[in-house]
Structures are given as structure tokens and as C-alpha cells.
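Let the hints inform the model, and build the full structure from the sequences given.
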Amino acid sequence: MSGEDIREAPDASVITEAFWMWKKDQCDWSGREHLAERMNPLLKEVRHNPLLWLLVFVPVVFAAAKLKPEAHTLLFVLSVLAIVPLAALLSHATESVASKTGDSVGGLLNATLGNLTELVIAVTALRAGQYMLVKASVAGAIVTNTLFMLGASFFIGGLKYHIQEYNRVTARFQAGLLFLATVALLIPSAVSHADSAAEMAFTRKLSLGLSVLLIVAYGLGMVFSLKTHRELFASAESGEAGETPWPIGLALATLAGVTVLVALVSEVFIESVQEAAVAFGMTPAFVGFIVVALVGAAAEMASAFSGARKNRLDLSVGIALGSASQIALFVAPVLVLLSYVLGPVPMDLSFWPGAVVMMLIATMTASVVTNSGRSAWFAGVLLLMVYLIFAMTLYLLPPRAS
Amino acid sequence: MSGEDIREAPDASVITEAFWMWKKDQCDWSGREHLAERMNPLLKEVRHNPLLWLLVFVPVVFAAAKLKPEAHTLLFVLSVLAIVPLAALLSHATESVASKTGDSVGGLLNATLGNLTELVIAVTALRAGQYMLVKASVAGAIVTNTLFMLGASFFIGGLKYHIQEYNRVTARFQAGLLFLATVALLIPSAVSHADSAAEMAFTRKLSLGLSVLLIVAYGLGMVFSLKTHRELFASAESGEAGETPWPIGLALATLAGVTVLVALVSEVFIESVQEAAVAFGMTPAFVGFIVVALVGAAAEMASAFSGARKNRLDLSVGIALGSASQIALFVAPVLVLLSYVLGPVPMDLSFWPGAVVMMLIATMTASVVTNSGRSAWFAGVLLLMVYLIFAMTLYLLPPRAS
Amino acid sequence: MSGEDIREAPDASVITEAFWMWKKDQCDWSGREHLAERMNPLLKEVRHNPLLWLLVFVPVVFAAAKLKPEAHTLLFVLSVLAIVPLAALLSHATESVASKTGDSVGGLLNATLGNLTELVIAVTALRAGQYMLVKASVAGAIVTNTLFMLGASFFIGGLKYHIQEYNRVTARFQAGLLFLATVALLIPSAVSHADSAAEMAFTRKLSLGLSVLLIVAYGLGMVFSLKTHRELFASAESGEAGETPWPIGLALATLAGVTVLVALVSEVFIESVQEAAVAFGMTPAFVGFIVVALVGAAAEMASAFSGARKNRLDLSVGIALGSASQIALFVAPVLVLLSYVLGPVPMDLSFWPGAVVMMLIATMTASVVTNSGRSAWFAGVLLLMVYLIFAMTLYLLPPRAS
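Protein chains in written order, with our numbering: chain P, 2 to 403; chain C, 2 to 403; chain E, 2 to 403.
Wrong hints could be hidden among the right ones.
One copy or any two copies: either way a pair holds, since identical chains are not told apart in the list.
[Stated by the list, open to error] SDA-like cross-link-like pairs, simulated, lysine to any residue; straight-line CA separation at most 25 Å:
| no. | residue 1 | residue 2 |
| --- | --- | --- |
| 1 | Lys311 | Met133 |
| 2 | Lys228 | Gly374 |
| 3 | Lys67 | Lys101 |
| 4 | Lys206 | Ala280 |
| 5 | Lys206 | Val358 |
| 6 | Lys67 | Leu265 |
| 7 | Lys206 | Val357 |
| 8 | Lys206 | Glu166 |
| 9 | Lys45 | Leu253 |
| 10 | Lys69 | Val261 |
| 11 | Lys45 | Gly258 |
| 12 | Lys206 | Trp353 |
| 13 | Lys228 | Glu200 |
| 14 | Lys161 | Leu295 |
| 15 | Lys228 | Val213 |
| 16 | Lys228 | Ala153 |
These aren't lab readings, by the way, just hints derived from the structure by calculation. Here the structure is a predicted model, which means the values were calculated and not measured.
So this is what it looks like as C-alpha cells:
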């Protein structure tokens, strides 16, 4: 059986099985029935979970974007309503995969697909040369994942369980990667103020070099955590038995399809958010840092919070910190490299000093809080309070300084 | 018996008993004899401890302040001489209460009453609109408690015991609260330079919001450490059997009465310290940060050092870090809120950058040093050396930069 | 036998034995044969280790420096070629001493003698009034030791062993000392910008006071780690049995003699490096921070890497962090004091802000990475990546900003 194969050699057989499914559906005339049978758990899920009824907003938002492209506030609300159920679906699909491949691999998978949203948003902005928005969304995603997603996971889990334990090696490893990325983002602004032409050329060359370094470090980190020392990253405990997981094929297909839908809805969201923000009285800094980052990470948040509620905090920590380090060490450098191809001018890695301070504090806070491998609800409060301090500062900040 | 009640439900019965005592003294015609009998251990203590003979300076300083209000150097010396024995009395009273309620609750009680001094000093300065002095004394109190009080406790304890152990959960919890407060004090100056009117309005609104956040965090921290997870904050070991503790009623009465005396003497001290400092050749920055903070915390220091000598390092760590976090998360925000009622203009939370750096370094040092839950004399040396670096810097600092 | 004496009371007997050897060689007519017999293991080592054949470059570099003092690029290459084998010899000699005295004392000895090189270089520059070079080499040595030497040790050891353990108390102690020194170097630039005459006088007085504080802290640290709490600093595990160690007398004599040769060759190196750097297209900041520091620490690196390969990571951590803290708490303050005697004007402790940031990050990184007392190859990658970020930044930095 394929289930057994997967347990023995997951990486290869996952692909084999996906390919097989596709082959079968193509060749077999009775493919439709098979597909319907396979979709059964998905439809069941939709029927039992009222949240998923919001899926109706997905076609609505596309229709509205076509018919009334200038109704920004309406599109903003509709796109948020559409992203929420998609995020919930994504959560269940990821958990199904994770239940067959182990929490660490599942967490990595989740983080990879979850960050597609951020990547799509950023590439769209990159093409338009809106580098301020790209940088704000990168910095905001790092801060939101390490403080809000991790903090809320600890808080939600802590309300149900007195003390929760998780694998501190995973947390330390991810915090180490994040620290490295923060140093790389801190140094260009610490040694130089890009005012003269010579300094701007320096910052650009340095950013290119740092981007390559970060991608190499991220790759070596994958080798370390998934190959040479994977036994260190095993889950601390298995937690409650979850709902019956979907078959791996359906889970993978849902994961892929829903991610595409999330990306498409996100584009409508991004086009409308700036103008809607003005209507709601928010500053641009607050929109880029907080609103875009929160909605962009909605899918991963649903998974992380669900993991926390089921006492599978390893999944939550893996998603939150793994996603943050992936954005810092992979998405951001890739965007710098892509800017040489797609953008009007090359993008550098120098951030607004306030954003650097926030990323540095977020990394340090996450590192200190996760150091013990145990959490209670107050650990969540600490992380959320630091996030609230940042959000409040950005909300009140006079526009000029952003 | 009341003693047994207290062991079962300390919070309620302490108040009940205090009320009972008061009722009894009021109603009973033989109250005086009872009072004298109760005061017995206090008088015994005074007779046996030569330090307490300095109590004679308490009336002397009040008399001198009335008769010679302009003799600042004399008043300065007299007020320091009067605070020392009061601090010693406070120490014994707190230990008596702590011996009945557990070290953590005792430490909290001590920190609360000890910081009344700082609060009284700061409110006096607030009414006069001397916000620089208020901020310097707040920052100085945080730095002095985390570096000098904790460092000297480790050093004094380490001279007597080879290795001392304490509850690292308490230390981590308090360090986490302090870290949160430092972030709140750091952000306003990191993102804005309050030069224009728009930025000043921003800093003021932000300070108000941050103050509310910090008070909420402090309250949640109390709920966590005293209610939901109080078992984590139990003492690591009980140490030597101390002297016979006073009865709880006498201890509480002494605690309250002596605290009031300390506050009154502190006021004389504050009025005289600025002019006396000039006579001794000290800079205003040094006076606010070091001298006021050291004298203001004298009472708590006596308790913390006595705890260290008796191998009850949990008491010392609880007083030092608990007091620092209380000032940062409770006293400072309350002062901001009070400034709207008492001050000429609202006070904000933006500090002199040098003070922010010192608070940040003090918090990080305390966090790193207390991380292991074990201490030896050199841990004290490290903390004291960092304090000496700060003190030396402030002593030599040219007046303009403070 | 002397071997047994050493095991019982190492400090005293090492000196006694060295004195005895010297006495014997002086008084005994058959001293030469004894000496030859003693030198036997040294000659054997040279014959078996092809690396040591490079020793031939030692006389060559001295001859070239006499004959062609203006051929800077040639002298630069020759001096590097001469330092490498000397470093290898030093490594074996130190290990021989360490095998008799325990890794911690051996590590201290190594760090002390290894830093003679840095001291000689710095004193030469001090006499010429080249304070920028002195400061760059001090900051560079701290960064190179904590990031490159420690990182490469972890990486080299990790390629051979899956997980390596070491004494985390040693690492924490050294990281604590380094943190203290970083605070001392950070404060003068944090509170003042030495632009006016009053501020320059302040910085100078403060630097003098801080230097005395740091030397006192270093001395107390020695008392703590070698006297009162030496049992805490014992090695975590003994690792592989190394090669047969040399007799203690030969080892000590080699240690002393080779250190002098390293110092002499280093002087030729320093005279040539600036001009050779220009020929190779490097910036002055890169030369001072990276090239001088790497070559100056070559001797200690050989020992540290050899320790890592033999699973004696305690030796590596002791050399890397011990050497960094010795430079920060002993060499740098001694240079400030010496500048009052040898230099044209007193030197202060205020560094270029970029250098302060790098020292601070290096200290924090080493502290976080060594916190667990375990290492795998990726810990080395993290440290080396931070080092690469710094090296790349300095290499690209426009000359004006250095």
C-alpha cells in the first residue's frame, strides 16, 4: 500500500504517489468517480465546518474585482472574508500531510506553501518598483510570525494546557537562522548611510553578496535539519490524536489548489488595501507592516493555532519560526536577486532603521522565550505585548517618518 | 489559631488578621498592655542590634529640617544616617512576613513597600514638573536594582557559600517582564526624534498607550505568578533557619509604619541632595541615577543582602528583579498617568538615549547572569563591574550631555 | 618523578622544573648531549610533518627584510609562509603542556603566549602613534577569535563527529567576560560624541578608568577560574589519546622560543601588509580587521583546530574565547595604559561605531551558540556566516567610512 511506502521513504513516494494519481485520472475512464470518491472527505469537511461556508466569497471577490474594480473598501472586506476559509482548508490539508510525514517535514511544507502568498504579493510590488512596500511586507512578515503567530499559539495552547513542551532544538535552530538574517539586514545600515553615490553603490554590492550568503546558509540549514541531524528535530511529544487525516493525494492537491486561490485573492486584497486603509484612517507603515503581514500569514496562522490547541506545539513553533526564517533567509534574498531581472533598478537590503530595530527585538524576544522548550500562557502574553507595542507605534507614527 | 489559617489561605487571612488586631486594639481597654507585649520582640531587636541605635537620627533629621531648612549638606548626611536603621528594621519585618507566607510572596510584598519610597520621591518631583529628575530616578532605580542589588547579593552570598542555587523560573519571569518594559521605553526614541510638534504629539500619545499596556502586562504577570502558575515560583531551597520571626501582626505594623517614616525622611533627603551633590562635586546625572537610586533602594537592599547571607537567594533575586520590574511596569506608567492629573503638562516615556542603553544593557546582563539558576561570587563581580562602568561614566560625564 | 609532581601541584612544579632544566644545562659539562637527546622529539616531528619544512622560510624572510626592505609584496608572502609552520610547532608544544596540566590551564597558557603576537604588533603601532591600526587590530582580534576561530573549530570538529560536547561553564564564563568588555567599549561612544574639547577630555578620563576596571575584572576572573572554582572548569570529556606528548621542558622551551620568532616575523609582516594590501586591492579597514587578525591568530588557530579534530573541543573553546577575552580585558586596557608612557598622546577606548556593533554582535553570537555546551557542524556554519558578513562588509566599504 502507498501508506506504508510513505512511512518508509516519504520524500520520494509522495511525488510518486502524486504522479500516479494524476496518471490514473488521465488514463482511466472511470476517473471521475474515483476523483469524487477521493474528494469525499473534503466535501464532508465543508459540510461540518460552518467557517468553510465563507468559501462562497471566493468567486464573489473575483466577480466584484471584475465588475467594480474601483470599490476598494468593498474589495478589501470581501478579500479578507475569502482568505479566511481558504486558510482554514489549507490548515487541515497541511495537518493531513504532516500526520503522515512527521511534524517537522509537515511544518516545513506548510511554511513553504504559506510563504508563496508573501512571495506573490512581493513580486507584484517588485514589478511596479514599489520597493518600500516590498521591504515593509518582508519586515512585517518576520515580526508578525515571530511575535504574533508564535505568541498567539503559546497563549491559545496555554489556555487549555497548564504547561506545554516542545522541541527546543527546533526553536534554537530557527532562532539562530533568524539571528543570522537580522545581522545581515542590520550591517548595511550600521556601517553606512546611503547618501552619496559611492555609498549607494556599496550598499547595492553588499546587498547582492549578503543575499547569496543568506540563501547558502538557508540551504545548509535544510541539509542540517532534514538530512545530517534530522533526529534532533523530532517532535517532543505527539499530542492528542487529531481528526481522521485526509488521504495524502487529496491533501496534496488541496494544498496546491488552495494556495493558488489564496495568491489570487491576495492580489485583489493588495490592490485594495492601500486605499481602504486611508478610508479606515491607518498610516502606510501600519498597513505594510501589520495588515498585509497578518492577512498574508492567515493560512499559516490557522495551522499554527490549531496545532497549539491540540498540544502539538512543535507544529506551531515550526510554522511560526520556520516561516519567519524562510522569509528572512530565502524570500527576501530571492527578491533582491529577482529585482535585477524584474525591477526597474536593483533593490538593496537596507531597511528603515525602525524596521531593523523591530526585527532585531522580535528575534531576540523569540530566542529568549523559546529557550527553555516549555511554555505557559504568559509566554504568549509577553510575545503579544511586544507585538502590540510595535503595532501601536506604527499606528500612531506620523506619515513622514515611515 | 491565626497562624494556621495563614498557612492555608495567606492572602485573605493576612488582611483579616490585621483588621482583627486593629479592632481588638480599639475595643479592648487593656489594649495598651497587649500592644506593649506585642512590641516586645521589636524592642528586643533594637537593644541587640547596634545599627538600630541610629534610629535616633529619625527625629533629629525632622527637627533639623524644621530648624535649619537651608543647611543642605547637614540635612543630606542626617537623612542618610536616618534611612539606614529604618531600612534594617524593614528588612527584619519583611523576613518575618516572608517566613510565614513563602519567599515569593514575601519578596513581592517587600518590593511593593520598598518601591513606595521611589513612588513618593517621584510624585513630589512630578508636582514640581521636574520630569528630568523623575525619569532619571526611574531609570536609575531599574539599573541599580538589576545590577547593584542583584550583583552585591550574589557577591555577598558567594563569599560565604561556594555555589548558591535559586529558582530560575522566577529570574526568567522577572527578566522577561523587564525586557518587555525596556522595549516599551526603547521604541519611542528608536522610531522618532521628538523635535517637531507632530512628533511630540506622537510621543505623548504613544507613551499613554504604552503605559496602559505595561500596567496590563504587570497585572497579568501577577495573575500568572501568584495564581495560575504559583507552584513554579516556589523557592529552590529553604536555606538556614533564620532568627525567630516576629508575630505577623507586629511585622505588618512595623512594615507599614517604617515605610511611612522612610518616605518622610526621603523627602528631606531629596530636597537636600541636589545642593549637597554640588558641594561634593557630583554631576546632576550621577545624583539622579546613582545617589537617589541607592538611597531610595536602601531598605530593599538590606533585605536582599540579608537573604543572600542566609543562603535564601530566592528572596534576594525576588526583591532585586521584582523591584526593578515593578518600577518599570508599574511605577513608571502610573507616573505617566498621574502626570495628566498632577503635573503642569503630560509626561512622556522617552528617555535620554544613554539611559535607554543603560537600561537595555542592565536587563540583558541580569537575564544572561541569572539564566542558569546557580551563582558564585564571580557572577556578582560581573554585575557590579557593569554597574561601576555606568557609575563611572555618569560621574565623569560633562553636565551638558546629561 | 617530575611527571607526578606536576599532576599534584602543576603551577609551582612547572616553574621549578623549567628552572631545574636550566640549572642542569648550565652546570653539567655533558649538557649538550642532554640537550640533543631532549631535542629528539622536536627533530622527529619536523622530519615527519611536511608542513614544518616551511620553517626554511623563517631565515629567508629575515634575510629578505634586510636585503630588500622595499619589496613589500614579496615580504608579505614570505612572512605568511614563515608564520604557518611556526604556528604548527606552537600548536604541538602547547598540546604537550596541556596534556600534563589539564586542558583549561593549557588553554590559558596558549592564549597568553598566542596573544604576545598581538601585543607586539600593537606596541609597535602604538609607538608610531598609529592608534587607528591599534584599535582595528584589537577589534579585529576579538571578532576573529569569537567568530572565525570558534566557528571553524565547530565546523572542523563537526565534520568528523556527529555531536561534540564541551564544558559550557567555561564558555559562559568567557562569554560573560567578553560581554563586560563590550559594554566598556560601547559606553564611551553611546553617551558622548568626542567632538568638543570637554568631551575629548571626558572620553580620555573615562577610558583610563575603564581600563583599570577591566584589568581588575580580568584578574578576578583568573582567581575564580584557576583558584576558588577551578573544579567547574574541568574538561567535559577527554577525547582521543593524542600523539605522544613532548617532555615538559622541551615543550616550554619550544613555546617560548617559537613565540619570539612569531613576533619577529609578524613585525616584518606588519611593515609589508599595508602596501601589499593596496597592491591586492583591499581596503585599510579590511586589512586591519581581517588580515592582521587572521595572521596574528594563526598560531592559536592551529591549536584550536587540532583540538577540534581530536574531539577535545574544550581546548578549542578555551583558546578561542579565552584569547578573545584576554585581548578585550587585558591587552586593550594595557595598551591604553602603555600609551601614556610610549605614545605621543594618550589613547582612548572609543572605537568606530561599526567596530563596536561588530564586537557586540560577535559576543552575542558566541554567547548564544555556546549556551548549550553541545555543537554540530551547523553551529560552525552560523558563526562563520556572521564572520563572512562582516568580512564582506569591510571588503566592500568605501575607504572614507573606515
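Right, here's what the structure says about each hint:
no., hint, result
1, Lys311 to Met133, "neither (39 Å within a copy, 51 Å between copies)"
2, Lys228 to Gly374, "both (23 Å within a copy, 22 Å between copies)"
3, Lys67 to Lys101, "neither (40 Å within a copy, 73 Å between copies)"
4, Lys206 to Ala280, "between (40 Å within a copy, 22 Å between copies)"
5, Lys206 to Val358, "both (23 Å within a copy, 21 Å between copies)"
6, Lys67 to Leu265, "within (13 Å within a copy, 74 Å between copies)"
7, Lys206 to Val357, "both (19 Å within a copy, 23 Å between copies)"
8, Lys206 to Glu166, "neither (44 Å within a copy, 39 Å between copies)"
9, Lys45 to Leu253, "within (17 Å within a copy, 65 Å between copies)"
10, Lys69 to Val261, "within (22 Å within a copy, 70 Å between copies)"
11, Lys45 to Gly258, "within (18 Å within a copy, 70 Å between copies)"
12, Lys206 to Trp353, "both (18 Å within a copy, 22 Å between copies)"
13, Lys228 to Glu200, "neither (41 Å within a copy, 52 Å between copies)"
14, Lys161 to Leu295, "within (24 Å within a copy, 44 Å between copies)"
15, Lys228 to Val213, "within (22 Å within a copy, 48 Å between copies)"
16, Lys228 to Ala153, "between (31 Å within a copy, 21 Å between copies)"
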